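Chain B: place on chain A using the hints.
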Amino acid sequence: MPLTQYSCNCGEGTNLHTHLVNLDLAKSRGVLIDSSSLKTVITKTDKVTNETDSAPPFALDLRDAIQGALLSMFIGDALGSPLHWIYSSDKLSTIKNEKFTGALQGYHRGSSIDVHPDSWKYFSRCDPRKEPVDSVFGGRGSKLEESWRTQGTPYHNTLDAGDNTLTARLVAALVGNIVSNKGLDIENYLASSYIPLITRANDSNADTWVDETHRVFVRNLVAGAQPFEAGMDDLCLTGIAICVPLLLAYSANRDDCEIAVRSLLQLTHKNEEGVKQALAWGDLLKHILAPHTLTMHQGRSIIPSLSVNQALRCSFDTFSEGRLNLDEVLSRGLSDIDAYHGPNVVFSSR
Amino acid sequence: MLYLASKYFEEAQCGQSPSEALERALLSNANLGGDCCNRGLLLGSLLGACFGASNIPLHLLNGLKRKEELIEATDLFTELILQQLSTGNIHPSRFGRPSPFPTKSYSALSAIQPPRDFRLKLELMKKIAAMANVPVKKLRFKRDIFSPLDEGDAARDRKEALASSSSTSNKKAIRLDEDDHTEDVVYNQDIVQCESGSGVFYYPQSSELVSRLDAYAKVRSRHGVDKVDPVTIDLFQNYGIQISINRV
Numbered sequence: 001m002p003l004t005q006y007s008c009n010c011g012e013g014t015n016l017h018t019h020l021v022n023l024d025l026a027k028s029r030g031v032l033i034d035s036s037s038l039k040t041v042i043t044k045t046d047k048v049t050n051e052t053d054s055a056p057p058f059a060l061d062l063r064d065a066i067q068g069a070l071l072s073m074f075i076g077d078a079l080g081s082p083l084h085w086i087y088s089s090d091k092l093s094t095i096k097n098e099k100f101t102g103a104l105q106g107y108h109r110g111s112s113i114d115v116h117p118d119s120w121k122y123f124s125r126c127d128p129r130k131e132p133v134d135s136v137f138g139g140r141g142s143k144l145e146e147s148w149r150t151q152g153t154p155y156h157n158t159l160d161a162g163d164n165t166l167t168a169r170l171v172a173a174l175v176g177n178i179v180s181n182k183g184l185d186i187e188n189y190l191a192s193s194y195i196p197l198i199t200r201a202n203d204s205n206a207d208t209w210v211d212e213t214h215r216v217f218v219r220n221l222v223a224g225a226q227p228f229e230a231g232m233d234d235l236c237l238t239g240i241a242i243c244v245p246l247l248l249a250y251s252a253n254r255d256d257c258e259i260a261v262r263s264l265l266q267l268t269h270k271n272e273e274g275v276k277q278a279l280a281w282g283d284l285l286k287h288i289l290a291p292h293t294l295t296m297h298q299g300r301s302i303i304p305s306l307s308v309n310q311a312l313r314c315s316f317d318t319f320s321e322g323r324l325n326l327d328e329v330l331s332r333g334l335s336d337i338d339a340y341h342g343p344n345v346v347f348s349s350r
Numbered sequence: 001m002l003y004l005a006s007k008y009f010e011e012a013q014c015g016q017s018p019s020e021a022l023e024r025a026l027l028s029n030a031n032l033g034g035d036c037c038n039r040g041l042l043l044g045s046l047l048g049a050c051f052g053a054s055n056i057p058l059h060l061l062n063g064l065k066r067k068e069e070l071i072e073a074t075d076l077f078t079e080l081i082l083q084q085l086s087t088g089n090i091h092p093s094r095f096g097r098p099s100p101f102p103t104k105s106y107s108a109l110s111a112i113q114p115p116r117d118f119r120l121k122l123e124l125m126k127k128i129a130a131m132a133n134v135p136v137k138k139l140r141f142k143r144d145i146f147s148p149l150d151e152g153d154a155a156r157d158r159k160e161a162l163a164s165s166s167s168t169s170n171k172k173a174i175r176l177d178e179d180d181h182t183e184d185v186v187y188n189q190d191i192v193q194c195e196s197g198s199g200v201f202y203y204p205q206s207s208e209l210v211s212r213l214d215a216y217a218k219v220r221s222r223h224g225v226d227k228v229d230p231v232t233i234d235l236f237q238n239y240g241i242q243i244s245i246n247r248v
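Chains A and B, in that order, are what the protein sequence lines are. Last residue of the first sequence: number 350 in the working numbering, and the count goes up by one each step with no gaps. Last residue of the second sequence: number 248 in the working numbering, and the count goes up by one each step with no gaps.
Next up, chain A with everything else stripped away, as it sits in the complex (with noise of 0.2 Å):
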């Protein structure tokens, strides 16, 4: 059963957009779709086509899988912080050999190793020799200070075991803002969330790094630019994860999601493959609630969801630009290391 790239006008957005459809589940369902804007067949094996449309999702309901979206972020960046930024595969063996009985197993603190073998290179980047850290970070200059002049500090030092580090931080204001906006406000956000995160010492924020998109739009803001155009091109999964909250939140309306997306990208990832990328995303996280809003109503759908196996596979097509077959990496039945760090490495663990 092919898996269709479909240009649409589905009354999702004024604008043409694609989705990922399955051609024959469409017309099961009778969805009038125009075969002059079909694009691209990807064919997939009889595994993922057996699959279609029968997985039962684990979540109980959209509010449960909402909130375990959400919640399950700020886990998955909590247990990271003590290893982040680690890319050698034998400092990093050697390194969780020494500290972690092998793997972590649970939550620690960024300060559980006692020298990051990469940070350095990285901090002296923002040297507060060469920054004003005391104007551009407030009262946190001299925290930050003190643990940037010193080789190897691991990046998140300051953190508690399960606390999270600045992005996730970010995360949870932007799920507040939305919360008490009903919907985003960005110039609340900008002046009563990001800045005070960024810039404050308080304890709202305990994380010692601060990414260099972040410096960047603080430096040119005190130099006198304005907010929206005082941050840098940046490409990177931060940019992605930021946006998470707007995907979910504007799940309904690629219009307006994608307004939103651009809207906090602006401010510190002006990139708009980020953009792409981002709106990707939230393509996938739609397809995954999906069976839940068609329980909420009536099972009517103008594009029939994919399963969730389904629709890793197409964003794992779209994000791997079709270079890789996630079926046949799969079945290698390589450990997750060896995906990423062994000889016959997969994947960049960027």
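Certain hints may be false.
Calculated lysine-lysine pairs in the DSS-like style (CA-CA distance at most 30 Å, straight line) [claimed, not checked]: (1) B:Lys-65 <-> A:Lys-182; (2) A:Lys-91 <-> B:Lys-7; (3) B:Lys-67 <-> A:Lys-96; (4) B:Lys-65 <-> A:Lys-99; (5) A:Lys-99 <-> B:Lys-67; (6) B:Lys-7 <-> A:Lys-276; (7) A:Lys-96 <-> B:Lys-7; (8) A:Lys-276 <-> A:Lys-182; (9) A:Lys-91 <-> B:Lys-65; (10) B:Lys-7 <-> B:Lys-67; (11) B:Lys-65 <-> A:Lys-96; (12) A:Lys-182 <-> B:Lys-67; (13) B:Lys-7 <-> A:Lys-99; (14) B:Lys-7 <-> B:Lys-65.
Using C-beta positions, here's what the derived DEER-type ranges look like [unchecked claim]: (15) A:Glu-273 <-> B:Gly-15: 35 to 43 Å; (16) A:Ser-88 <-> B:Glu-20: 26 to 34 Å; (17) A:Asn-188 <-> B:Gly-15: 43 to 51 Å; (18) A:Val-346 <-> B:Cys-14: 15 to 23 Å; (19) B:Leu-76 <-> A:Glu-321: 37 to 45 Å; (20) A:Gly-106 <-> B:Cys-14: 18 to 26 Å.
It should be emphasised that the hints constitute simulated quantities derived from the structure, not laboratory data. No experiment lies behind these values; they were computed from the predicted model shown. Think of the CB as a built atom: it goes at the ideal place given N, C-alpha and C, for glycine as much as any other residue.
Coordinates of chain B only, in the frame set by chain A:
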């Protein structure tokens, strides 16, 4: 992330407890190092949506330092979305529209003023720009006077890659020595970049910057530092800026 998400989602489909699958996925991601925090955020968003909050292991939830704050925020967030969707419209557009950028004044930010030193540095740059123009091959100066125009390493890296693939006919090379670090600066009509062991800077408005550097060099080469106007000299001295020209 998609590999990890697929692998552990399918483990749950094959009979493993969803709670265990979620925990194994997030721990495995953490143990991979690299950008594991950001990957953890995104992987968590996918598998958390698949498995639901009801399948989050309690010890992981309880171990979050800001658990109460996060649960309350996500609960309110979820409630808001459900309220909007429960209207019966599967594509609601009345859910609070995002405010577009950047159309309004930023009165809330008015209290944030540029520090005095940045203003002075910008004044310095204007002074340099006001001077005339001669080709320069080598300069010595205090690099951080241009930090307000910094666009960061990532942008610089991309622009550098672009620049290296384009014509080099309009490039000039100057060297900067500061604090015993030797740094290379390359600039053309589009970019100026500076990299050393102690820092990396990228300047987007290179034509303006080149003009400023060349202008100062011309005055120095023709008249010596005493011919530079007193305000500029004061600014140089205030910031310990030493500029000398070595013709190539």
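Under the criterion that the straight-line Cα-Cα distance not exceed 30 Å, is the pair Lys-96 of chain A, Lys-7 of chain B satisfied? 23 Å, holds
Quick one, are Lys-91 of chain A and Lys-7 of chain B close enough, alpha carbons at most 30 Å? Distance ~26 Å between Lys-91 of chain A and Lys-7 of chain B Cα, so the pair holds.
Hey, Lys-65 of chain B versus Lys-96 of chain A, does the alpha-carbon distance stay inside 30 Å? Holds, at roughly 23 Å.
Checking one constraint from the list: CA of Lys-65 of chain B to CA of Lys-99 of chain A, max 30 Å. Satisfied? 21 Å, holds
Between Lys-91 of chain A and Lys-65 of chain B, is the straight-line Cα distance small enough, at 30 Å or below? Holds, at roughly 28 Å.
When you check the alpha-carbon spacing of Lys-7 of chain B and Lys-276 of chain A, does it fall within 30 Å? 25 Å, holds
Hinted pair Lys-67 of chain B and Lys-96 of chain A, Cα distance within 30 Å: Between Lys-67 of chain B and Lys-96 of chain A the Cα gap is close to 27 Å, so the pair holds against 30 Å.
Beta-carbon spacing of Leu-76 of chain B to Glu-321 of chain A - inside the hinted bounds 37 to 45 Å or not: 38 Å, holds
Can you let me know if the beta-carbon spacing of Val-346 of chain A and Cys-14 of chain B is within 15 to 23 Å? 21 Å, holds
Evaluate the given range 26 to 34 Å for the C-beta pair formed by Ser-88 of chain A and Glu-20 of chain B. 30 Å, holds
Run the distance test for Lys-7 of chain B versus Lys-67 of chain B: straight-line Cα separation, threshold 30 Å. 28 Å, holds
Given pair status - Lys-67 of chain B, Lys-99 of chain A, alpha carbons within 30 Å: Holds: Lys-99 of chain A and Lys-67 of chain B sit about 26 Å apart, inside 30 Å.
Consistency note: the structure conflicts with none of the earlier hints.
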